[in-house]
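Could you build the full structure based on these sequences and the hints that come with them?
Protein chains in written order, with our numbering: chain A, 1 to 666; chain B, 1 to 122.
Keep in mind the hints are simulated off the structure, nothing from the lab.
Treat the hints with care, since some could be wrong.
[What the hints assert, rightly or not] Capping the alpha-carbon separation at 20 Å, the derived lysine to aspartate or glutamate pairs in EDC-like fashion look like this:
hint: 1; chain 1: A; residue 1: Lys-433; chain 2: B; residue 2: Asp-60
hint: 2; chain 1: A; residue 1: Lys-21; chain 2: A; residue 2: Glu-38
hint: 3; chain 1: A; residue 1: Lys-429; chain 2: B; residue 2: Asp-61
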Amino acid sequence: MGNPNAGKTTLFNALTGLRAKTANFPGTTIEHRAARVEMAGQTLELIDMPGLYSLAAATSEERVARDVLLGETPGVSRPNAIVLLLDATNLERNLFLASQVLELGLPTVVALNMIDLARKQHIRINIKKLSGELGCPVIPVAARSGDGVPELRQAMQALLNPTATIQKSCPPACAGCSGCAFEARYDWAEGVGARVTSAPHMTHGRKTEAIDRILTHPTVGILAFMMVMFVVFAMIFWLAQYPMDGIDWLFTTTGGYVAQGLNAAAGHLPAGAIRTFVGRDLRSLLVEGVLGGVGGVLVFLPQICILFFFLSLLEDTGYLARAAFVMDRLMRRVGLPGKAFVPMLSAHACAVPAIMSARMIEDRRDRLVTILIIPLLTCSARIPVYTMIVALLFPTRPLLASGVFTGAYLLGIVAALSMALLFKKTLLKGETKPLVLELPSYKMPSLRTAILTMLDRAMIFVKKAGTVILVASVVLWALAHYPRSAEPAQAVALQQQAHQMQATGHADQAGPLLIQADHLMAQSELAHSIAGRIGHAIEPVLKPLGWDWQIGIGILSSFAAREVFVSTLAIVYGVGADSAHANPQRLYDTMHQATRTDGTPVFTMSASIGLLIFYVLAMQCVSTLAVSRRETGSWKWPAFQFLYMSLLAYGGAFLAHFLLVSYGWR
Amino acid sequence: MKSIEGSGAGQHGQTPPAGLQAQRQATESAGPRSVSAASAVILPGLRPGHCGSVVEISADDDDAHRLMAMGVCVGRRVELVQAGDPLILRVLGCRIGVSARLAARVRVEVCHEPQCAVGGAN
Numbered sequence: 001m002g003n004p005n006a007g008k009t010t011l012f013n014a015l016t017g018l019r020a021k022t023a024n025f026p027g028t029t030i031e032h033r034a035a036r037v038e039m040a041g042q043t044l045e046l047i048d049m050p051g052l053y054s055l056a057a058a059t060s061e062e063r064v065a066r067d068v069l070l071g072e073t074p075g076v077s078r079p080n081a082i083v084l085l086l087d088a089t090n091l092e093r094n095l096f097l098a099s100q101v102l103e104l105g106l107p108t109v110v111a112l113n114m115i116d117l118a119r120k121q122h123i124r125i126n127i128k129k130l131s132g133e134l135g136c137p138v139i140p141v142a143a144r145s146g147d148g149v150p151e152l153r154q155a156m157q158a159l160l161n162p163t164a165t166i167q168k169s170c171p172p173a174c175a176g177c178s179g180c181a182f183e184a185r186y187d188w189a190e191g192v193g194a195r196v197t198s199a200p201h202m203t204h205g206r207k208t209e210a211i212d213r214i215l216t217h218p219t220v221g222i223l224a225f226m227m228v229m230f231v232v233f234a235m236i237f238w239l240a241q242y243p244m245d246g247i248d249w250l251f252t253t254t255g256g257y258v259a260q261g262l263n264a265a266a267g268h269l270p271a272g273a274i275r276t277f278v279g280r281d282l283r284s285l286l287v288e289g290v291l292g293g294v295g296g297v298l299v300f301l302p303q304i305c306i307l308f309f310f311l312s313l314l315e316d317t318g319y320l321a322r323a324a325f326v327m328d329r330l331m332r333r334v335g336l337p338g339k340a341f342v343p344m345l346s347a348h349a350c351a352v353p354a355i356m357s358a359r360m361i362e363d364r365r366d367r368l369v370t371i372l373i374i375p376l377l378t379c380s381a382r383i384p385v386y387t388m389i390v391a392l393l394f395p396t397r398p399l400l401a402s403g404v405f406t407g408a409y410l411l412g413i414v415a416a417l418s419m420a421l422l423f424k425k426t427l428l429k430g431e432t433k434p435l436v437l438e439l440p441s442y443k444m445p446s447l448r449t450a451i452l453t454m455l456d457r458a459m460i461f462v463k464k465a466g467t468v469i470l471v472a473s474v475v476l477w478a479l480a481h482y483p484r485s486a487e488p489a490q491a492v493a494l495q496q497q498a499h500q501m502q503a504t505g506h507a508d509q510a511g512p513l514l515i516q517a518d519h520l521m522a523q524s525e526l527a528h529s530i531a532g533r534i535g536h537a538i539e540p541v542l543k544p545l546g547w548d549w550q551i552g553i554g555i556l557s558s559f560a561a562r563e564v565f566v567s568t569l570a571i572v573y574g575v576g577a578d579s580a581h582a583n584p585q586r587l588y589d590t591m592h593q594a595t596r597t598d599g600t601p602v603f604t605m606s607a608s609i610g611l612l613i614f615y616v617l618a619m620q621c622v623s624t625l626a627v628s629r630r631e632t633g634s635w636k637w638p639a640f641q642f643l644y645m646s647l648l649a650y651g652g653a654f655l656a657h658f659l660l661v662s663y664g665w666r
Numbered sequence: 001m002k003s004i005e006g007s008g009a010g011q012h013g014q015t016p017p018a019g020l021q022a023q024r025q026a027t028e029s030a031g032p033r034s035v036s037a038a039s040a041v042i043l044p045g046l047r048p049g050h051c052g053s054v055v056e057i058s059a060d061d062d063d064a065h066r067l068m069a070m071g072v073c074v075g076r077r078v079e080l081v082q083a084g085d086p087l088i089l090r091v092l093g094c095r096i097g098v099s100a101r102l103a104a105r106v107r108v109e110v111c112h113e114p115q116c117a118v119g120g121a122n
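Structure representation (structure tokens):
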């Protein structure tokens, strides 16, 4: 354990490598990483504690850390020993925590990190003297290069060796001293620092000061931050598209092979229920339900990886603290701390990593508000829906189209900021925690830490995709396919016609007929399924928005992932799910011509704008709900999130429809 | 070990009254240093590059604690590195950003020695 920015994660990774697992402490949302390592025939469990400045139990991190160290956390046994990490370039500040940790009386070894940087800054530390002052072994290490790590391992083993006499650490002589407990500790820390360091007054390098004059400037700093984030976003959207296409291709091809394999298998089976089951139901479940559903969500994995990779690099350099610093004044106007800005910006790629990165906000209320509003910001899964609606409405007016598209983004931002303000004024009342933030010295980031952080976050996402999202996809698949209905007469006729053509040698003409038959069958299947019935049943609710049951099915099926809306509509309107990708114009044409039973068009201006607003505001994403559950520790908050966003979306769509209709914009 | 733990817990337990005590001590310690109340200013009132020693923190317990954990604690010296909102302080050789609203709740005695925030205890 040690101060934030002391290099704990880097040292932990150097000691454990890839074996670390991330988990929450029981009953909390405070995360820690733990790993089992073999040392001299013993299996040790190493825990990476949250970064702390003090153990006084004033923040939830401090409380959790204290409880764990005292053995008071149920389900976590008291540690046998502590590896206390001190930053050699900033010894005095780090010694404050040391004074509290040493008082716990656990066998302790001090790892004096960043000794290489300290040497570069001409800070000379008398290790022997420091060890004497602290009453415990002190090992100089440079976690980033790995220097000193083997020696630290040895010292840890010695600490756990039961035959060795445990060196009692001596706490600062402060027992019974009056006045501010903090002051006495600081005096002790400063005294020790002065006694063991040759250049105790060396502070931040001039470089850090010079850079900070620019990066923390009230206007230049914000501009610089915008530029940094712009580059990160450009990387997310540009770099991620290649692996995204790859993942998409992988799932589509696998789906193709699975379908072929099952078709072939069905061919060998005797005609009957089992054959239909394998050839139709099982194939559809695996290809559309499992592969389609999970693949549609895993496609966002590259974006998540890239985002966390860059965030970790930025944090490691010390820049993220500056970003929070310059954004603090602006964000405070909506009642959020500066640290909320990075998660909110990340939300424009995907709400899942954004909610995960909201951890950096210390105050519980501020963090909850940020998590609640993050899904209102336009993530990349909404883009296909926006594109479809805009193309549908303004096929020949690109300027207006891009204006409406931008408007949708802005609406998301405005809604998020106003809801933040509203929640801070009502539900999660309380002033925003004023900023108190260390601005650490700039340093070279560790690529290894960035990669490990990225893998760690990716694993969390994949686990979610493997469980919650898989279940949701299969349930939604079942809703859209059952109960089975009779094949429509028109499709059967087309199939017969195609078979006749094949028999008479016109196989080339038979293909399109078969595809058309497939589309008709899919359309009828969906219309008669539970999803279709629900769509019909909720039509009265959708009427005030100008929508019909077909849009209802689309909304229902896109509950797990928004982008599914487009392909569902393609099935509903009988053009086939694949044409949503391959030939979107055909889908738009069909939708243009789509009419209600009374002959009026379905996709009027008012209904479509309402639909756009609905998708800006609605919480149509199971992954986000699952990750909100993980980060808030209960289903209460995601349930509330879903409810308020759905109401907001419905209200927004209703209002838009109502206003447009009353002003004659049909 | 029991006794060490006990004394440790006792000190941690003191956190809420620590704020009060800090204030009390602040008024007491102002005497011996023979500084008139007039020379005490709020932290944002310092000129950039100048420093002062903290005499009073009148924020609520939680915020006061966060400041103290960073080294802004009664009796300690801080330097104002950059004014503005938020402003930058140097404490214990380390730079921290603090929102101006919170910094205004910290009163300091202006110090006239150069570079004193870096230079250790009183």
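To see whether the hints hold, each was checked on the structure:
1. A/Lys-433 / B/Asp-60: holds, 11 Å
2. A/Lys-21 / A/Glu-38: Judged against 20 Å, a Cα distance of about 16 Å means the pair holds.
3. A/Lys-429 / B/Asp-61: Between A/Lys-429 and B/Asp-61 the Cα gap is close to 18 Å, so the pair holds against 20 Å.
Going through the hint list in order, the structure satisfies each hint without exception.
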